[in-house]
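Trainee: Spelled out, the chains give:
4 protein chains.
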Amino acid sequence: MKELSIGIVGYKFMGRAHSNGWKKAPLFFDLPFKPVLKAVCGRNEAALNEFARKWGWQETETSWRKMVERPDIDVIDIAAPQHLHYDIAIAAAKNGKHVFCEKPLAMSSAQAEEMLEACEQNRVHHFLNHNYRRVPAISLAKKLIDTKKIGQIYHWRCCYQQDWVMDPNFPLTWQLQQEFAQSGPQWDLNSHCVDMALYLIGKITAVSALTGHFITERPLAEEATSHNLKVRAKSIESGKVTVEDAALMMVRFENGAMGSFEATRFAMGRKNRLSFEIYGSSGAITFDLERMNELRYYSAEDDQDTKGFKTILATAESHKYMDHWWPEGHIIGYEHTFVHAMADFLTSLKEDEMISPNFTDGIQGLKVLEAGIRSAQTGNVISII
Amino acid sequence: MKELSIGIVGYKFMGRAHSNGWKKAPLFFDLPFKPVLKAVCGRNEAALNEFARKWGWQETETSWRKMVERPDIDVIDIAAPQHLHYDIAIAAAKNGKHVFCEKPLAMSSAQAEEMLEACEQNRVHHFLNHNYRRVPAISLAKKLIDTKKIGQIYHWRCCYQQDWVMDPNFPLTWQLQQEFAQSGPQWDLNSHCVDMALYLIGKITAVSALTGHFITERPLAEEATSHNLKVRAKSIESGKVTVEDAALMMVRFENGAMGSFEATRFAMGRKNRLSFEIYGSSGAITFDLERMNELRYYSAEDDQDTKGFKTILATAESHKYMDHWWPEGHIIGYEHTFVHAMADFLTSLKEDEMISPNFTDGIQGLKVLEAGIRSAQTGNVISII
Amino acid sequence: MKELSIGIVGYKFMGRAHSNGWKKAPLFFDLPFKPVLKAVCGRNEAALNEFARKWGWQETETSWRKMVERPDIDVIDIAAPQHLHYDIAIAAAKNGKHVFCEKPLAMSSAQAEEMLEACEQNRVHHFLNHNYRRVPAISLAKKLIDTKKIGQIYHWRCCYQQDWVMDPNFPLTWQLQQEFAQSGPQWDLNSHCVDMALYLIGKITAVSALTGHFITERPLAEEATSHNLKVRAKSIESGKVTVEDAALMMVRFENGAMGSFEATRFAMGRKNRLSFEIYGSSGAITFDLERMNELRYYSAEDDQDTKGFKTILATAESHKYMDHWWPEGHIIGYEHTFVHAMADFLTSLKEDEMISPNFTDGIQGLKVLEAGIRSAQTGNVISII
Amino acid sequence: MKELSIGIVGYKFMGRAHSNGWKKAPLFFDLPFKPVLKAVCGRNEAALNEFARKWGWQETETSWRKMVERPDIDVIDIAAPQHLHYDIAIAAAKNGKHVFCEKPLAMSSAQAEEMLEACEQNRVHHFLNHNYRRVPAISLAKKLIDTKKIGQIYHWRCCYQQDWVMDPNFPLTWQLQQEFAQSGPQWDLNSHCVDMALYLIGKITAVSALTGHFITERPLAEEATSHNLKVRAKSIESGKVTVEDAALMMVRFENGAMGSFEATRFAMGRKNRLSFEIYGSSGAITFDLERMNELRYYSAEDDQDTKGFKTILATAESHKYMDHWWPEGHIIGYEHTFVHAMADFLTSLKEDEMISPNFTDGIQGLKVLEAGIRSAQTGNVISII
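Residue numbers (the working numbering), protein chains in the order written: chain X, 1 to 385; chain B, 1001 to 1385; chain C, 2001 to 2385; chain S, 3001 to 3385.
Keep in mind the hints are simulated off the structure, nothing from the lab. Bear in mind the structure is a predicted one, so any value in this text is a computation, not a measurement. C-beta: ideal position from N, C-alpha, C; glycine also. It is possible that part of the hints are untrue.
As the list claims (entries may be wrong) - Between beta-carbon pairs, the in silico distance windows are:
id, chain 1, residue 1, chain 2, residue 2, range
1, B, LYS1094, C, LYS2054, 34 to 42 Å
2, C, ARG2043, B, PRO1032, 27 to 35 Å
3, X, LYS143, C, LYS2054, 49 to 57 Å
4, X, ALA46, C, THR2378, 57 to 65 Å
5, X, PHE29, S, GLU3237, 35 to 43 Å
As the list claims (entries may be wrong) - Here chain S is said to cover these stretches of chain X; the calculated rule only asks that three of the stretch's residues, wherever they fall, bring their Cβ under 8 Å from a Cβ of chain S:
id, region
6, 263-273
7, 331-342
What the hints assert, rightly or not - Far from chain C, by Cβ distances over 10 Å, these chain X residues were calculated:
id, residue
8, MET1
9, GLU3
10, GLU50
11, TRP55
12, GLY56
13, HIS83
14, GLU113
15, ASN122
16, ILE145
17, GLY202
18, ILE236
19, GLU254
20, MET258
21, GLN304
22, ILE384
Please construct the entire structure, taking both the sequences and the accompanying hints into account.
Mentor: Structure (structure tokens):
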């Protein structure tokens, strides 16, 4: 089997999740390429070496610029914070590498458009890892919508709630600084939600938004680190939080549906709750990521007496991806969505087909997020062309 | 409209629930008779008078023997503890009164058989108030079974869990003394569960059981009172608990199904949880009394992709009884089951039709409960003829 | 006991719910007044007489103007559609009657202000029946907030979802016409939600909104009737729907919290789902009216290992109102909230204390609803002074 | 790091789950040994080679006898059906190999005792893979019990429900034949449940049981294969089902608790539902394997107003094993329990400590299962010494 060499930038939360994906995909899926964990890139050499040893990355690099130029690498996997995506993706594309990029795609839709252009000009594949599209229950939701089980959609209602920064002593990590993150939950969480809405409902044409800024100053962090809950404050010095703590949006979709989004890091008790509800003329769907193996579905066509929301345990052979795992009823977890992404991406390379989500989808999503930020600043509805 | 005069024995928990039922039934149902709250009978005159005044009972009696002989009473409603049912029911029947009897029917199936005989000889109606048969969600369960939606039934799994006597200082009320109660949760709770099983699944032919006796001595109560959670211990004197604290049963049904029952007053955190599961060749049903407006239903005939347990909110017009209440989605409560019982009972008198459950059903139920007690004593499976 | 005579306007859905409340309150609560069902007012004499007979209203009136002038009536209960509230309430107040008014209070906050003024000038009590404030689980939510268990509140997230008009052949009842209803779910449903938010969170200072108009023409109804799901279309003639089908709002509260509201009649599968989530610095609360006996509560102060959302079955003696009903675990239903309202109202008359919600609360609520409508029209955030 | 060579017998469902465990354990845990996938043993050479290639097993063997004698293997992993465990385990022990054995341990407790003896005489480690002990939520349950949060335990109520053989045309696989499986759900499913009860509650002293035999003849299978739902019937020839379809038990524990078990393959709609409830004097716990990241916990010590069952998402750093995976709220799946088992096993080898469950635990479990079978045959309670 042909090998395909991966070079990854980043070795924290996403670096681990991606590494696990590259390793597991060939064990559970029949793939056209064998992914080779060629090189991992990061700044802290000791930590990087330890990571490479543990995960089996053959080599390490401390300069991503050098890595993207290596002739022995086929795919650049960007698992670094978003402020780095633009430079890395464009350099990778120019060097003829396919780009597998973690979300959010970029700091702006303008950046994203250049990234797309670079990929297209260099005829490389671009993939944007909104991994929740590859939850089997979400695949089922998509199928129900595509096969008209929900009918004309009237409502999309979505939230993404976390609580990891609620302690005022939680330090000023990079996620809380505009310079590195561009925005708070709007970029981090609503990027997922908007991608899901674009996937399941369709194009968004107008946005109003409201942002919340609850804790505006925090102790400095020991280092600008990854999404690592163990990070602790360094000292009594503090700095300004330059992103929002919460972002609400109301939207209109091109197909006439209305939608709402609530992304927050201040929902006490919610750890990673991406939840949505869809209501249409023939049925309804609800989902909660904290119970990601389940989809709830209501059909208006059931018998009068027995209408109700059904809890579908989406683990049957007939549910997308699940025939690759365990017998029905044996649930999968968060990390499996990465394995699905890697498997689909590798398969798509063979067939030379661009799969979704990719940079084109990412641009659409960023335009919605940007419209939200602008609306929150102006108090007006913002249209998206 | 013809009036029908009710005389009730008992004015505690069940006295209130029945009074409320008699008053509400004609407000929400079109009935052939107007129930008249003629007389209420009890021993404590002051409390009795207060109760009569509040609930509109026209007269009071302190002797049930006298009350059952009154020519101006048509129906005797027995809302007193079970050790009194036998005498009252037989006297009422002999005096030509219809008998509306609270569960459990009697202290033994032998008593119950005499009660039935007295009613039949005197051609009076007899009704046994296992009120949960008249929960709309249960009516739906029955309908699903009768219309073959569940298919051949393999499993019945039921529990009835409470925790109101777990405090060792809870006093020795009448419910904890064999003399008054005959048995503990086996009579009090499993009587409901067995009635439900006979209704939904069918005849039980064999029983094995296990009983638990966790707290065997308790402070004496101020008075042998009704199911009143405010009862407090009187003194440091104590007495023996002479009934079981928990009763488990495994059974075989005539139709080949297997079943299990768990009734306990020692399930910390459960207040009034009657829950059951039914599994058959074509579907499944589950129910929980603490969410009594809901039925969960799984159909093996749903599409492969969308099989799952559906939560049916049984409040639609098409659900039995619900067209008499509020618009769909506006839930009803515990007390409504009594209203349904009164409405059905009054309607059945007009049509001179014996409805269920009645004393015949009660005898079957008591035979199962007795077999359980015998099995727990002997360690053997007991057959029921 | 002193009697208090009630005159009610309306005998449909709300007429029944109120009548049941007046009858049940004295059975379950110790009240300072005995409510006498003196007169019921409506236009269709035959239906009115049948209603009066069934529910025990002593007399009928076909003119509410005449009824409010009767010297033998102490309280006017307005259970008619909102377009009538203004005239009736003011006339009642001028005749020295206390006013018990169903929600939504009026067609506008300007109307409501005049209604309040009339009551104050004539020193009569005014009560606005947002009955959900009197769900025991909601009383518990309020108590948790008031005792600082939730801490500083960051988020209010609320929806009220129904699906009763989704069929395009559902006729043009009065609820779908601005002339009678002023607005659609904004007035009907969001009035409840906003009242709840004002009660639990506090004053709202800014609103953005979006409305949806999904079905704009419908067959004419046989008569402009009450919220009656049995209503069927009369003919092939049709008319314009002049209210919105769905209304979304994002708000800011005076205390710094952010909020969102979604009220819709187009949420397939939802029958009467008022659901909300509250997140604060110390805890969280969620509620769903379709499971109205339950409150979900998360405490940030629980042990690290055992943090989680707790499902509290709010039926214990210690839960407000519940000591008047049944033993713990025996649930209550929708109609009980009316009984609580009647009991509290009667008690407040004796103590001559104005309880909430009343017309003052109603004015606040209407201002928020009006701001929402204005925002939906203009696309701007609207401030509330 | 020192290497440790594994030889595995079996390459079907359990072969995959174990292989995945051996590969993932060192990626997520710091282990004292690096497990080397040395050899995999099976009968079908083509399938075996394909499996070895995919999973990276260095060599294949078609004779387990030969494999257990190889000097270059340290651990024999038995992932084959139970009728083979006895021979393989004893041979492995005699050759000085540590034994990692899939459940159920053996065909009888007598076999198991010999297996234990062989291990002890040869001073090798023995581990029995009841993997559900290593679900983080179960670790939390154990901790709550051990720290007296539940108090004196009164009730254990457990079921393990599946539905994979309900179709009468499902063929006669090895799991349905006594010769290979010894028993049906009693061995397959109740072995898990009994292990869980021994772990969480304690020793079982008496058992009554009931078995169900619903479909007694089935088409022959193409081959006696593993737990593979894709298996299809070969022909119209049929054979006798020689194991039970369902097994119910009631038990007494040494500490005074009562328990019940229901294991069945005929619970329509349940795919892999191991669910249990524990009630004690201070609290309660419930668990459902289909939502294995959650534990429900009730504390009798909570404030009166806010008592309720809490849903704990057992994914925090403080929950056992979870600090090795993803940030809180990112759930894990079925396969992770195997990784935990491998990690614990490898760690225990270094420390030369026998961890649980092992063959000693397995003997206790088999004695309970055997008592159940005997009770079902005789109709009597069976004591366990």
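Trainee: Beyond 10 Å from every Cβ of chain C: is that where the Cβ of X:GLU3 lies?
Mentor: About 45 Å separates X:GLU3 from the closest Cβ of chain C, which puts it past 10 Å; holds.
Trainee: Do the beta carbons of C:ARG2043 and B:PRO1032 sit within 27 to 35 Å of each other?
Mentor: holds (30 Å)
Trainee: Okay, X:ALA46 versus C:THR2378 on CB: inside 57 to 65 Å?
Mentor: holds (59 Å)
Trainee: Find the nearest Cβ of chain C to the Cβ of X:GLU113 and say whether that gap is larger than 10 Å.
Mentor: holds (27 Å)
Trainee: Taking the minimum C-beta separation from X:GLY202 to chain C, is that value above 10 Å?
Mentor: Since the minimum Cβ distance to chain C is about 15 Å, X:GLY202 lies beyond 10 Å and the statement holds.
Trainee: Run the C-beta distances from X:ILE236 to all of chain C and say if the shortest one exceeds 10 Å.
Mentor: Label holds. Min Cβ-Cβ 22 Å, cutoff 10 Å.
Trainee: Report holds if the minimum CB distance from X:GLN304 to chain C is greater than 10 Å, and violated otherwise.
Mentor: holds (13 Å)
Trainee: Does the claim that X:GLY56 lies outside the interface with chain C hold up, using a Cβ gap greater than 10 Å?
Mentor: holds (34 Å)
Trainee: Please confirm whether X:ILE145 is truly not at the interface, meaning its C-beta sits more than 10 Å away from all C-beta atoms of chain C.
Mentor: holds (13 Å)
Trainee: Hint says 35 to 43 Å; check whether the CB-CB distance for X:PHE29 and S:GLU3237 agrees.
Mentor: Roughly 36 Å apart at Cβ, these two residues keep to the hinted range, so it holds.
Trainee: Would you check whether the claim that X:GLU254 is not at the interface survives, using Cβ distances to chain C and the 10 Å cut-off?
Mentor: holds (14 Å)
Trainee: Could you let me know if the closest chain C CB is still more than 10 Å away from the CB of X:TRP55?
Mentor: holds (30 Å)
In summary, the one numbered hint that this structure violates is 20.
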